[in-house]
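Trainee: Sequence:
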Amino acid sequence: MADVMPPNMLADVPPTPAGLLSNREKDRLIERGFLGLYRWYTARSQETRNWNPDKSFDWRALSPNLPPEIMTVLTGFFAVEQYAPDFTSSLINLVRRSHGRSHFQMRWGSEEEKHADAWENSVLFSRQRTPEWLFEYKERLKAQTWELPFPDALHNMVYTVFQERATQLNYLNMMKIAQGKSDKPHLQGFSDPVLAKVAQTIAVDEAAHYNFFLEGVRMYLYYYPQRTLEAIRTIVSQFSMPAAKLVPDWEKFYETVYRAGIYGPRDFSRDVMQVAFRNLGIESRRALEEGLKKTREVPDFEGGSFKTTVIWDTFDYGMVEGDVKRLHIKIQDYEKLIGFDTIDPTEFINNPAVPKKTSQAADD
Numbered sequence: 021m022a023d024v025m026p027p028n029m030l031a032d033v034p035p036t037p038a039g040l041l042s043n044r045e046k047d048r049l050i051e052r053g054f055l056g057l058y059r060w061y062t063a064r065s066q067e068t069r070n071w072n073p074d075k076s077f078d079w080r081a082l083s084p085n086l087p088p089e090i091m092t093v094l095t096g097f098f099a100v101e102q103y104a105p106d107f108t109s110s111l112i113n114l115v116r117r118s119h120g121r122s123h124f125q126m127r128w129g130s131e132e133e134k135h136a137d138a139w140e141n142s143v144l145f146s147r148q149r150t151p152e153w154l155f156e157y158k159e160r161l162k163a164q165t166w167e168l169p170f171p172d173a174l175h176n177m178v179y180t181v182f183q184e185r186a187t188q189l190n191y192l193n194m195m196k197i198a199q200g201k202s203d204k205p206h207l208q209g210f211s212d213p214v215l216a217k218v219a220q221t222i223a224v225d226e227a228a229h230y231n232f233f234l235e236g237v238r239m240y241l242y243y244y245p246q247r248t249l250e251a252i253r254t255i256v257s258q259f260s261m262p263a264a265k266l267v268p269d270w271e272k273f274y275e276t277v278y279r280a281g282i283y284g285p286r287d288f289s290r291d292v293m294q295v296a297f298r299n300l301g302i303e304s305r306r307a308l309e310e311g312l313k314k315t316r317e318v319p320d321f322e323g324g325s326f327k328t329t330v331i332w333d334t335f336d337y338g339m340v341e342g343d344v345k346r347l348h349i350k351i352q353d354y355e356k357l358i359g360f361d362t363i364d365p366t367e368f369i370n371n372p373a374v375p376k377k378t379s380q381a382a383d384d
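Read in order, the letters of the sequence shown correspond to residues 21 to 384 in the numbering used here.
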């Protein structure tokens with residue numbers, strides 16, 4: 021659990037060779053990065069995405085004649101988001117000793133709660149489901165509890181990167197359908213401006229969530245590359261959307277989503293996994309698998325010296341380092357506005373464990 025604990029609570033770690041960062045120092049740097057990112061995120065969220073699920077949309081103008089397929093999708097979206105209290109509380113408990121991560125999860129939960137209310141309103145104002153039906157359906161949903169897909173914080177954070185991107189894609193494609201841009205014969209001719217605005221608004225939130233978790237995974241990838249790459253490999257091999265085993269009639273919902281062109285296996289591969297890989301400097305799933313396989317063939321840390329392995333060739337480490345540096349510049353600019361820079365600034369520290377490549381000129 022060292023990856024979620026502030027430095028004053030970390031257990032003692034084995035001695036580290038001179039010139040390398042200890043695990044304690046890496047954890048401290050990641051923790052400070054999360055704290056700065058959380059503060060920046062909250063300010064930006066309040067300034068640019070402070071919408072209300074009841075008052076920000078003209079619910080009276082929502083069409084009472086939504087196609088049955090659209091009602092199935094909206095009901096499924098609403099059902100998944102109903103587990104926001106479980107998502108939030110489970111993740112907060114997992115990272116409760118980290119200021120930046122636990123406080124962000126509370127902020128994230130408040131935004132997910134708005135998504136749940138907005139999708140519920142879309143079902144209610146469709147007038148195709150009664151308030152009594154909604155009440156009983158929510159009771160049925162809440163009779164079951166969502167649980168974390170993985171026991172540790174790192175795997176759950178990596179999972180959330182892919183899950184937030186997949187959720188964003190679902191809502192963006194729903195927005196296109198509601199804008200009258202579907203290429204599916206059974207949905208052509210349908211449009212609804214209110215529904216389009218709802219889907220777009222929530223998709224923007226999901227993009228912000230994806231970027232927060234992406235920045236967190238990048239920090240781990242920078243300071244703990246092998247551990248993070250192994251977590252990424254595990255997630256992409258086991259990925260499924262949240263609450264898939266809890267939502268009633270999930271198979272019907274998934275089939276409808278697929279037939280509507282909203283989301284399916286090809287979308288995950290092309291628009292979720294490959295997008296996340298590109299943002300993390302990973303060429304492909306095959307390159308990830310091959311790199312980790314070769315890494316395991318190299319002897320581990322022994323006798324007071326660290327190994328130099330092919331792990332550095334598994335992904336674009338230079339790109340990740342640049343992204344982590346840019347994150348810290350963003351945090352530092354924010355801290356200058358508040359005055360944190362003169363009292364308790366966030367600093368970027370290079371990871372000295374990265375093998376330095378000798379230039380061709382030097383070789384000559």
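Quick caveat, the hints were computed from the structure, so don't treat them as lab data. One or more hints might be untrue.
Straight-line Cα separation of at most 16 Å, EDC-like style, residue types lysine to aspartate or glutamate; simulated pairs [as the list claims (entries may be wrong)]:
| hint | residue 1 | residue 2 |
| --- | --- | --- |
| 1 | LYS265 | GLU275 |
| 2 | LYS265 | ASP137 |
| 3 | LYS158 | ASP137 |
If you're wondering where the values come from, they're calculated on a predicted model, not measured in any experiment.
Trainee: CA of LYS265 to CA of GLU275, is that 16 Å or under?
Mentor: holds (15 Å)
Trainee: Given the proposed pairing of LYS158 with ASP137, does the C-alpha separation stay at or below 16 Å?
Mentor: holds (12 Å)
Trainee: Taking 16 Å as the top limit, are the C-alpha atoms of LYS265 and ASP137 close enough?
Mentor: Not OK: LYS265 and ASP137 at ~22 Å, beyond 16 Å, violated.
In the structure shown, a violation is registered for the earlier hint numbered 2 alone.
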